[in-house]
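*Asks:* Here is what each chain is made of, one letter per residue.
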Amino acid sequence: MTAPVRTLLWCAGVALAAAIVAYPLYANGYYLALGISVLYFTILATAWAMFSGPTRYISLATVAFFGLGAYTAAVLGETMPWPVVLLAAAGVGALTAVITGLSTLRLSGIYFVIFSFGLAELIRQLVIWYEVNIHKSVGRYLFSAVTQDILYWQLLGLAALVFLVGWLLGRSRYGLALRAIGADETAASHSGIDATRVKLGVFVLSATFIAMTGAVMAPRWTYIDPAIAFNPTISFQVVIMALLGGAGSLFGPVLGVIPLVLLFEVLTATLPNHFSIVLGIVFVLIVMVLPNGVIGLFGAGRSRVPAERRAAASARTMDAPLLGVEGVSKSFSGLRAVDDVSFTVAPGEIIGIIGPNGSGKTTLLNTLSGALRPSSGTIRLGGTVLNGLRAHQIARLGLARTFQLVRVMPDMTVAENVAAARLFSTSGGSDATGSELLDLVGLGAMHEAPAGDLTYIDQKRLELARALALQPRLVLLDEWLAGLNPSELEAGIALIAKLRDRGLTIIMVEHVMDAIRALCGHCIVMNAGSVIARGAPDEVLTDPKVVAAYLGGEDA
Amino acid sequence: MLLVDIVLPGLVLGGMYALIALGLTLQYGVARIMNLSYGESLVAAAFGAFSLYSGFGLSPLAALLFAVPVAMALNWLLYRFLLERLMRRGKDRGAQEIDSILVTFGVLFVIQGAMLVAFGGQYYSYSYLSIPVVVLGSTLAVNRLVALLFAALVGGAVYLALTRTRIGTAVRAIAVDANAARLVGIDVAALSGLAFAFGGGLVAVGGVLVSMFLTFNAAMGVVFTMKALVVVIMGGVGNVMGALVAGLLLGIVETAVARLVDPGLTLAATYTLFLGVLLIKPTGLFGRAAS
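Heads up: the sequence lines are chains A and B, in that order. Heads up: take any position in the first sequence, counting from 1, add 8, and you land on the numbering used here. Heads up: take any position in the second sequence, counting from 1, add 4, and you land on the numbering used here.
Since the hints were made in silico from the structure, they are not lab data. Incorrect hints may have been included.
As the list claims (entries may be wrong) - Below 20 Å or equal to it, Euclidean Cα-Cα: the simulated EDC-like pairs (lysine to aspartate or glutamate) are:
| hint | chain 1 | residue 1 | chain 2 | residue 2 |
| --- | --- | --- | --- | --- |
| 1 | B | 95 | A | 419 |
| 2 | A | 553 | A | 347 |
| 3 | A | 506 | A | 357 |
| 4 | B | 95 | B | 9 |
| 5 | A | 144 | A | 86 |
| 6 | A | 506 | A | 461 |
| 7 | A | 506 | A | 487 |
| 8 | A | 144 | B | 266 |
| 9 | A | 506 | A | 447 |
| 10 | A | 506 | A | 496 |
| 11 | B | 95 | A | 193 |
| 12 | B | 95 | A | 461 |
Looking at chain B on its own, in the form it has when it is part of the complex (with noise of 0.2 Å):
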């Protein structure tokens, strides 16, 4: 059946792209940093996957262990020192991102240099848990499921952490205004860099779920962070339960122009998809009224 043979790839890709685009939810949504070497660091824990499973054996879901506290410090390390001067000398918000545009920038290019360097140009991938299954008369296989059912959980999680805890409603004060959480006692560079090493070790398991499925190679991380930029904005910058609806959207859409019109056309649709959501709604699919 058509309909079903696009709507499960579809919701099983969509999964995957609203794994990704978690990480950038807390990293622009929350703590306002547009990280455009987002795509690059989710690349590098795919190697890190990668090199833990060849080298060791170690299974990607040991390595979770492994990589998102590293990821975790390396980012909280990265704004320490890098973006939270930026975020002190802007005059505003417009200021500040852009900064940080720009020095995320250069980052990409530092992390892509190194991966280049470590591991060449050429394509890697492994295989884990690759068992085909048939859902529903499509054939899927376990490791992309798993993809999915991470996403869901780590997507609720944040979303109940965001919502129900002190320091999520923190962190959301600064979000809506950072002037004005300083001035009821909320610590904005600590908490804006905790929530940027947390959206760093979201990244870190995108990557290393990614890694179970997908071939990569280090050039590839721009791919990602468009995919999960496209998702952030559509779903509402900030907003966890809009990027998990938006990401299977997007693979809905993709698998569906793939299978209906031309595979070469994805990318396409997805930037047509990602300009008509920024002209008629571009506070997203799910955003409040721009403030």
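Just chain A, with the same shape it has in the complex (with noise of 0.2 Å):
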């Protein structure tokens, strides 16, 4: 882009922004109603993405605060100033969306829609039962000094100030994390991010902008009644706002909002008694065409990853064990599927656990990384005790793990996905760089395809650099080289035996015997959940119990 070019674009958008903000002084009463309601829709849109676009979340439950923080309006505002009205809305909004996060986040997104979606009617039958029992009347009058002009330019303020926050959201590691959840919610925690904590906060400040342009709207009526104010309608026309112009990055909602309030505008004026089924036909167009939006048509929506974080390394002496297993058992009502396995890893040695399908060994695997919780005995690392942690808090603690199913998060970009590892981590250990760790897997050249595009061998050394980016102690890898040929099978190999000699302490579950011979100078045959052996790989091969178990004994 050339300088005159640069500054023809700047005087452009410096002359837009002064249209916008000067739109009340020349437009009349029809034309500034009609701002309004872009506006207003623009926040609800741009909030409501802010939270379900990364996460898949599809909240229906717009209305819900949006109508909470009207009727903290029409309740406080003829006692409180102004700000103090505002601040209240924001934080009723904020508070139900802690309370209703807090118990509904947890759940699988299917369950949070179906939550979100009678979210509004229950917090209506409460207002309308409150109104009933307490107050003696359902509607309440409002009168405000509020014109048309203050409450555009009060909503154009809010709406900047959205938009900053979600740029700065979409900036910072939250944005990423975010992402990730989205992609692979496991994948996410084990690579250190507190999946629960980062999705409420989100849904939190997206609720509480939600809530205050309920707040900025209310004296646009003079009388409200819970009807008005928890109208479902609203919940669903932000949701088709949003996802006709992409609520995959910041900017998509409003694309969506534009085209839509002028639409509904000629439908009201037109065709009001068709107007829902001309907003339905609208809307099932919108989801079977055009799946990414608007803005999905250009490609854009891709946010930048944030620049690498280089942790300082601590150079750590330990003597004593890295990994403590002390009589860990996993039952699942009455399945003992780990059954008091104890074992020690020391720093930099790389242990085999071997044995049958189905002898407990990812299970095993799963309780040292946080995704079960065992049932019994104790896991220490280094001088922690692991019990009780969740995934995120082990993976901090610098215990990553790759999983048997290959778990990648697939719309992300291969830099993205290392990146997400490093958002949250805090141990030390090799200080590599995202670059150095997809050049030591063989991915140099692969950073910006996405993931879900890989072969599955790439996308086993993707997941494994994304486990090393979290500066790891101590790394599990599960059956992470099954299904290679045998000249991948050989470069996989290599690969570990190179991370050895970087110091790096490995459990392996493992099914290549080869492998095991050639990389672990310890390991652990586990059967039907107990250690049945333990010791050197050709020791433990050639034991009869070993073999028994392999291939059935006299007895089985």
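Two chains, two separate frames, one set of hints: put the complex together.
*Replies:* Listed below in structure tokens is the structure:
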């Protein structure tokens, strides 16, 4: 872009901004009302997409927060100064979001959608109950000195704030964390991301903006009752606007708001009786034809990876074992999948865990990494007891893992997948950058490729790079070498050997005995949940008990 | 006696909930489509029964013979032309569920809009079999007992069809894992469409029967959708017997809250119960462990 073009663009931008700010000075009543509709739906759709876009938790509860904000303004508006009312509305919205978020965000996506669908109805019923029994009248009158001009400017200020916060969020590590959660929540937790807290934080932020919009909009009605303030059509319109524009990016929703507000305006004027039929058809068409929204047509919407953070390397000297597992058991209602397993892992060692399928190897790894809680026994990493810690806390302490069924975050690029694991990592260890790690695993040329497009082996490599990006002290590899062809296997074994030479401690669950022989100094054989043999690979593989476990004993 | 006063009307109310939830058990539990326009379809069937009764003097039980095949055909078309495409497009079950929620959310407004155009926003009701009978000291209407009976009969028949027939077994296989079902030679698209259409037929049964004793209008579909959802999830997704029991339970809880606490809080009680089940046992009261 040449300098004159850039100046021209800047001038156009400034002129547009000035035209938007000065809009009430030259727009008459009807057009001003239209401008207000565009602005308030812009705020609602952008705030909605802030949470629902990256996480794909489709919230149908927009009007619950909007209505709460409007009601707060109606109740407090006449007795309190306006800034206090706004703050109170924000507070009520945030508090409700914390309560509903804490109880529903642990649910999987579909249940969240369903609950949010009912939430507006529930809050409306509670408000009606309160108004009828306590306030003794269902409706309230609002007398306010707020003119349309002032309303417009308030909304404009709020819109600017939403975009600013959305932009900052997208650039912060929480933005990438949110997308990682949307792509694969389990993988995100095992990369050290506290999924519940990140989701809750952004949900509350989004709800706060929605509630404030409700408060600002309240003076527009002179009479308010629960049917007006909690009108479910608003939730619906916000969702289709955000989806039409594209919920995955900051400026996507606004692209959907403008055409749809205009369309709704025309519809109300010309076809008031068929409004909801047309609305429904438009919505069906959007979902069928434009799944990624208008902005998806331009291929935009990919946000930038936050700058590489280099954690300071801390040299640790450890005499004690790195990992101590003592008497760990895990039962699933009667079935003892892991039965009283004990072992220790010294720093720099590679331990192999082998055994027939169903012997409890993956369950054991799951109890170590926090995916499952052990029923009994103690797990110590360094000096820290891991029992009862959640997956993201264990990951942050420096215990990383890969999954038997490979889990990458498919819609994110290779580089973003690795960056996601560095967001909250605090442990010491190697301080390689993301691109060094990708070079190390052999994905150096693939930084910008979407992870979902990689081949199986490359996804496994990416998973390993992501695990290493946590700067772990200990890595758990769950059948990382399974399904590789002979030359890939050789490369894989060489890679693990290289990691060992860099001082990494590894526990590998594996069926490929050549790899166990080549890499492990010590291995543990499991059968039916218990350890049946331990020692050097060549010793245990000739142990009659082990042979019997694999091939079936005489008494089996 | 207070207990009988709660349990009997509760069971009758619950029978209605079970009845309106049966179709959703098939559509969501088996065909895996979260149909948000469910309640609107139900209200549309109620309007159909109302029109046949007031226009031609046709009894609602005879209206079933018309309503069910029509509803099945419409639902099959909906599946064939909209939902099947989404099922093919979605990368995983999560994406498919979200897409189907969104599309049926649009369909909800189309049906609702059509009903508003045809019938306006006012409430409708008619009187059929509203003969009071006294059972154990409580007065109940015959039409509600008929609905309870139908819920039990239809529920039992669906349960047997799903567990005892070849097609039912194939349909359950799809519900567990559509890809694996395809590998063993099950025509997933055709059978899912069938299950969805069948669910649509059951919605019509529910709508026609509740029209005998409920006052309804074009805008109240959401209430039925929510009730049906609560029942299906409490009973365990895809579990027909679970839905029957959960429906009855919900009826008793609501009647108890209305009698003992405050009639204005029944919906709040419904959601509290719903959320409680989701948090403590998300696979439903009778569900197996999550996959």
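*Asks:* With reference to the structure, classify each hint as holding or not holding.
*Replies:* We went through each hint and held it up to the structure:
Using a Cα cut-off of 20 Å, the hinted pair residue 95 (chain B) and residue 419 (chain A) holds, with the two alpha carbons roughly 11 Å apart. Of the pairs offered as hints, the one joining residue 553 (chain A) and residue 347 (chain A) holds, with about 17 Å between alpha carbons and a cut-off of 20 Å not exceeded. As the CA atoms of residue 506 (chain A) and residue 357 (chain A) are separated by approximately 13 Å, the hinted pair is consistent with the 20 Å bound. For a cut-off of 20 Å, the pair hint linking residue 95 (chain B) to residue 9 (chain B) is broken: about 51 Å separates their Cα positions.
At roughly 18 Å between alpha-carbon atoms, residue 144 (chain A) and residue 86 (chain A) fall within 20 Å of each other, so this suggested pair holds. Between the alpha carbons of residue 506 (chain A) and residue 461 (chain A) the distance comes to roughly 27 Å, so the proposed pair goes past 20 Å and is violated. Among the hinted pairs, residue 506 (chain A) with residue 487 (chain A) is consistent with the structure: their alpha-carbon atoms are about 18 Å apart, no more than 20 Å. Our distance criterion of 20 Å between C-alpha atoms is met by residue 144 (chain A) and residue 266 (chain B), whose separation comes to about 16 Å.
Of the supplied pair hints, the one linking residue 506 (chain A) and residue 447 (chain A) holds, its CA atoms being roughly 13 Å apart against a limit of 20 Å. At roughly 15 Å between alpha-carbon atoms, residue 506 (chain A) and residue 496 (chain A) fall within 20 Å of each other, so this suggested pair holds. Of the supplied pair hints, the one linking residue 95 (chain B) and residue 193 (chain A) holds, its CA atoms being roughly 16 Å apart against a limit of 20 Å. Using a Cα cut-off of 20 Å, the hinted pair residue 95 (chain B) and residue 461 (chain A) holds, with the two alpha carbons roughly 13 Å apart.
Violated hints, in rising order: 4 and 6; the structure is consistent with all others.
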